[in-house]
Amino acid sequence: MANPRFFDNSGPLSLTDLADIAKAEIHRGDAQGSFQDVQPLQKATAHDISFLENKLYVKAYETSKAGACLIEPAFIERAPNTMALLVTDEPYRAYARVAQAFYPSSCFPKVNMMSIHKNADIDPSARIGNNCTIDSGVRIEANVEIGSGCSIGANTTLKQGVSIGESCHIGENTTVQFATIGNGCVLHAGVRIGQDGFGFAPGTEHLKVPQLGGVRIGDNVDIGANTCIDRGAGPDTVIGDGTKIDNLVQIGHNVEIGAGCLLAAMSGVSGSTKVGNYVMIGGAASIAGHLTIGNGAKIAGRSGVMRDIASGETVAGYPAFPAKEYWRQVAALKRLTKSNKGA
Amino acid sequence: MANPRFFDNSGPLSLTDLADIAKAEIHRGDAQGSFQDVQPLQKATAHDISFLENKLYVKAYETSKAGACLIEPAFIERAPNTMALLVTDEPYRAYARVAQAFYPSSCFPKVNMMSIHKNADIDPSARIGNNCTIDSGVRIEANVEIGSGCSIGANTTLKQGVSIGESCHIGENTTVQFATIGNGCVLHAGVRIGQDGFGFAPGTEHLKVPQLGGVRIGDNVDIGANTCIDRGAGPDTVIGDGTKIDNLVQIGHNVEIGAGCLLAAMSGVSGSTKVGNYVMIGGAASIAGHLTIGNGAKIAGRSGVMRDIASGETVAGYPAFPAKEYWRQVAALKRLTKSNKGA
Amino acid sequence: MANPRFFDNSGPLSLTDLADIAKAEIHRGDAQGSFQDVQPLQKATAHDISFLENKLYVKAYETSKAGACLIEPAFIERAPNTMALLVTDEPYRAYARVAQAFYPSSCFPKVNMMSIHKNADIDPSARIGNNCTIDSGVRIEANVEIGSGCSIGANTTLKQGVSIGESCHIGENTTVQFATIGNGCVLHAGVRIGQDGFGFAPGTEHLKVPQLGGVRIGDNVDIGANTCIDRGAGPDTVIGDGTKIDNLVQIGHNVEIGAGCLLAAMSGVSGSTKVGNYVMIGGAASIAGHLTIGNGAKIAGRSGVMRDIASGETVAGYPAFPAKEYWRQVAALKRLTKSNKGA
Chain H
1 MANPRFFDNS
11 GPLSLTDLAD
21 IAKAEIHRGD
31 AQGSFQDVQP
41 LQKATAHDIS
51 FLENKLYVKA
61 YETSKAGACL
71 IEPAFIERAP
81 NTMALLVTDE
91 PYRAYARVAQ
101 AFYPSSCFPK
111 VNMMSIHKNA
121 DIDPSARIGN
131 NCTIDSGVRI
141 EANVEIGSGC
151 SIGANTTLKQ
161 GVSIGESCHI
171 GENTTVQFAT
181 IGNGCVLHAG
191 VRIGQDGFGF
201 APGTEHLKVP
211 QLGGVRIGDN
221 VDIGANTCID
231 RGAGPDTVIG
241 DGTKIDNLVQ
251 IGHNVEIGAG
261 CLLAAMSGVS
271 GSTKVGNYVM
281 IGGAASIAGH
291 LTIGNGAKIA
301 GRSGVMRDIA
311 SGETVAGYPA
321 FPAKEYWRQV
331 AALKRLTKSN
341 KGA
Chain V
344 MANPRFFDNS
354 GPLSLTDLAD
364 IAKAEIHRGD
374 AQGSFQDVQP
384 LQKATAHDIS
394 FLENKLYVKA
404 YETSKAGACL
414 IEPAFIERAP
424 NTMALLVTDE
434 PYRAYARVAQ
444 AFYPSSCFPK
454 VNMMSIHKNA
464 DIDPSARIGN
474 NCTIDSGVRI
484 EANVEIGSGC
494 SIGANTTLKQ
504 GVSIGESCHI
514 GENTTVQFAT
524 IGNGCVLHAG
534 VRIGQDGFGF
544 APGTEHLKVP
554 QLGGVRIGDN
564 VDIGANTCID
574 RGAGPDTVIG
584 DGTKIDNLVQ
594 IGHNVEIGAG
604 CLLAAMSGVS
614 GSTKVGNYVM
624 IGGAASIAGH
634 LTIGNGAKIA
644 GRSGVMRDIA
654 SGETVAGYPA
664 FPAKEYWRQV
674 AALKRLTKSN
684 KGA
Chain C
687 MANPRFFDNS
697 GPLSLTDLAD
707 IAKAEIHRGD
717 AQGSFQDVQP
727 LQKATAHDIS
737 FLENKLYVKA
747 YETSKAGACL
757 IEPAFIERAP
767 NTMALLVTDE
777 PYRAYARVAQ
787 AFYPSSCFPK
797 VNMMSIHKNA
807 DIDPSARIGN
817 NCTIDSGVRI
827 EANVEIGSGC
837 SIGANTTLKQ
847 GVSIGESCHI
857 GENTTVQFAT
867 IGNGCVLHAG
877 VRIGQDGFGF
887 APGTEHLKVP
897 QLGGVRIGDN
907 VDIGANTCID
917 RGAGPDTVIG
927 DGTKIDNLVQ
937 IGHNVEIGAG
947 CLLAAMSGVS
957 GSTKVGNYVM
967 IGGAASIAGH
977 LTIGNGAKIA
987 GRSGVMRDIA
997 SGETVAGYPA
1007 FPAKEYWRQV
1017 AALKRLTKSN
1027 KGA
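Residue numbers (our numbering), protein chains in the order written: chain H, 1 to 343; chain V, 344 to 686; chain C, 687 to 1029.
Since the hints were derived computationally from the structure, they do not count as laboratory data.
Where hints are given, some of them may not hold.
Stated by the list, open to error - Quick list of in silico lysine-lysine cross-link-like pairs, BS3-like style, CA-CA up to 30 angstroms: (1) C:K984 <-> V:K617; (2) H:K324 <-> V:K677; (3) C:K1010 <-> C:K1024; (4) V:K366 <-> V:K453; (5) H:K324 <-> C:K796; (6) C:K1024 <-> H:K338.
As the list claims (entries may be wrong) - Derived list of chain C stretches under chain H, where covered just means 3 residues or more per stretch with a C-beta under 8 angstroms from a C-beta of chain H: (7) 838-846; (8) 888-898; (9) 913-925.
Claimed, not checked - Label pairs and their computed distance ranges (CB to CB): (10) H:K55 <-> C:R993: 17 to 23 angstroms; (11) H:P124 <-> V:P423: 45 to 51 angstroms; (12) C:P888 <-> V:P423: 49 to 55 angstroms; (13) H:P124 <-> V:T388: 34 to 40 angstroms; (14) C:R993 <-> H:A74: 49 to 55 angstroms; (15) C:D694 <-> H:P4: 44 to 50 angstroms; (16) V:L399 <-> H:N143: 34 to 40 angstroms; (17) V:E405 <-> C:P888: 46 to 52 angstroms; (18) H:M113 <-> C:N981: 23 to 29 angstroms.
All values derive from a computational prediction rather than experimental measurement.
Note that the Cβ used here is the ideal one computed from N, Cα and C, for glycine as well.
I would like the entire structure built from these sequences, with the hints used as guidance.
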């Protein structure tokens, strides 16, 4: 079980409850059977529910002692006899829902009461919705708006005019300025939103070009620790609904990122680049400025993208090539050194 | 117009005012004509001033409805008839000045009054100049000196003995220690200045090597959000006048960076490397330690520099080669895979 | 001497004291001779002690005016006549100890008294050991445990249930959650420990997968400014004893790093990768997920590791190859462009 020092377990849950939560069907098992926890196949016992998504784990599944398992229909035949079976087309997503149900407080608890710390420094013109938690040392400037059910972590600053939707969780030591944030967003600790883009008119003395845009963040966006999103130079910097951004990511001014994208840690998108919907950007990859990345493109980790990428394309390398070509290049270079050995 | 929720527009300004501010000459137009805003060529109306610097936008210029435009002399002929013309050799720099005039508060407003938040924790030995703003939760330790006209953002710490010049803006949640900072500097939120360099005498137990230098930052230096600059091991780490550093940059101990450099986001300079004046370092590029980078060198984004770079040289790749050679390598490798296809 | 504005010099120390501190033997010199400072060979005077470890500096050693020097036995012969000689097999480590003795406060002073700032926000259930310093704006939540002799920098948050051993130094604006930290650790400013790993069950709407593990950090671990260490998804994320991590490093969920590793700035280790003991990871290198890196492996700066690395292996490049092979590839590619020049 998850360390009780940090996590509260909300179980037990019955098999019927679990099926409802998971959006799965009970194929086999006692509807009133009681479960206490989620566990991987190898560690699960009779009181645990597990899941099988990756075929690499079929062996573990066949010998698992889990009391219940979330599986695709194709794996019904191979289940141990003692296992209750919840069938779904998406076992991993079903697992996510079930794990959230056992450990709701692990995913930013819903805030049910108003709690504003006496040390918080809140401008009287700020409008704060119902049932918000505002921790010590928070600074909320003039005309800030915060929807209901939000939590704002200690020593965070929301600067003048910032707007935050409902049910958002803003971590500690975070700074938000010139920004409008939708509902259900998570900003982890140390996030920086809305500071000046890197705009200078170069010369003997580089002149600052005023950055007159803002940042618009959609609904259900997650932003990882210490990630930075600059505000636009004229247009806004935009992050679409449901996009998830990992730690230490840099988003330059005027960048537009679509809906449902996944940006892994230490990736970066340079100024004015437009990224479509459901694009996946691997860790430590970077995309140069003023490019267009099509919907559903996949950028491998550590790639350096220097040209537009078509929808659905998968690229890798620096400069980034179609992934297959990149791997051919790697192989060709390897052969070349073999043939030159000792030269 | 920039979002009035975030930006105050200081217009209108007359064409004469604009010419003075821009350091440009009125070639055509009503000297008393009144302008309210800056806008790009495509969006500008009769009350807006725009600029043309990049030849890609000549078409937009020829059809623009901007009331006035900042241009080089060569483009006078192609202007629409209705457009007032302000002529200069550097239209983008002129635009920067004009935009600053319309939106002075977008570029760290000059602080005109003393305002120290009651929650700030300031050692009695600290000396703070006139007209400073010190926000809530700021900690200022013994013997800190701050010049006049500075602002210090919420929950920032200036540790013992730090010295900051006049008219500096230090963002929120920033930490400055063992450092001397000149006049007119901007440190964005989350900047870390002066922590220990990464110095260990390796062994079964790695021993910390005391880092006995400081950080010296010149005048008019900008440092981006969450950027880290370590203090020296013995000598100081130095950043020259007018250098601009973007977000999430790492500067190692003993590094010396000259004047007027531009370091884009996620770039890094390893310990003891010396970077000349007006060097440009692209995003996510890194420079190994103990190297010398000559004046005016250009390091392409994502390069990995492992040798000294001569003044004026442009390099790219990992390891970095002269840029033309790098691109020949990319092309050669591409040809190689073509000829090996199916092999 | 180190800038007295920032550093207190605890000298003088006698040659006998220095030999004891350095764990070296006096080969020559007045045991009662008095020394005031550490200096490099070129700058040292009669009152300074220096060291020679790198053969590149033998010339400087032969002409140095240092009053004393830490050397290996092999260099006794070449010493200037006036120099007191302290002989050891590890002069650089001996220097580290001596420099710590002259400047103890440069390495996180031992905390000798209890000092809790009146603005700190401490839950009554937290247990804080003797002789701790807790600065302004610190937030310490329920059931946190802190050992004796720790310092907690301004505006840092230790969230519910966090446990910190003895003699730890936590910098400013740091956030620690779901974590257990050993004795003698240093977390520099802006460090983020224990936030959610980047775990989503992808789909039209990406579902958060609860991150039910924690972070376990051993003894004598240093963590650089703005570095992020995510907590595990189920198992813990683990950092072994004596490992030193530089600034702006990313450690993903479920990663296990052994003892005595050195991770330079901007490096990253992706989720579920296991790194052995005494592994060295260069600056801006990254390691993909689910890999195993053997004991004593060396990963060159900027490498991109995409496969398991055997113990003791040295790799470089992207994708990373054995370092010798990488350099042959670089050379081969260079030759290839030479022969294709003008093609």
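Structure-based check of all given hints:
no.	hint	verdict
1	C:K984 <-> V:K617	holds, 26 angstroms
2	H:K324 <-> V:K677	holds, 12 angstroms
3	C:K1010 <-> C:K1024	holds, 21 angstroms
4	V:K366 <-> V:K453	holds, 22 angstroms
5	H:K324 <-> C:K796	violated, 56 angstroms
6	C:K1024 <-> H:K338	holds, 19 angstroms
7	838-846	holds (count 3)
8	888-898	holds (count 11)
9	913-925	holds (count 3)
10	H:K55 <-> C:R993: 17 to 23 angstroms	holds, 21 angstroms
11	H:P124 <-> V:P423: 45 to 51 angstroms	holds, 49 angstroms
12	C:P888 <-> V:P423: 49 to 55 angstroms	holds, 51 angstroms
13	H:P124 <-> V:T388: 34 to 40 angstroms	holds, 37 angstroms
14	C:R993 <-> H:A74: 49 to 55 angstroms	violated, 31 angstroms
15	C:D694 <-> H:P4: 44 to 50 angstroms	holds, 45 angstroms
16	V:L399 <-> H:N143: 34 to 40 angstroms	holds, 38 angstroms
17	V:E405 <-> C:P888: 46 to 52 angstroms	holds, 47 angstroms
18	H:M113 <-> C:N981: 23 to 29 angstroms	violated, 51 angstroms
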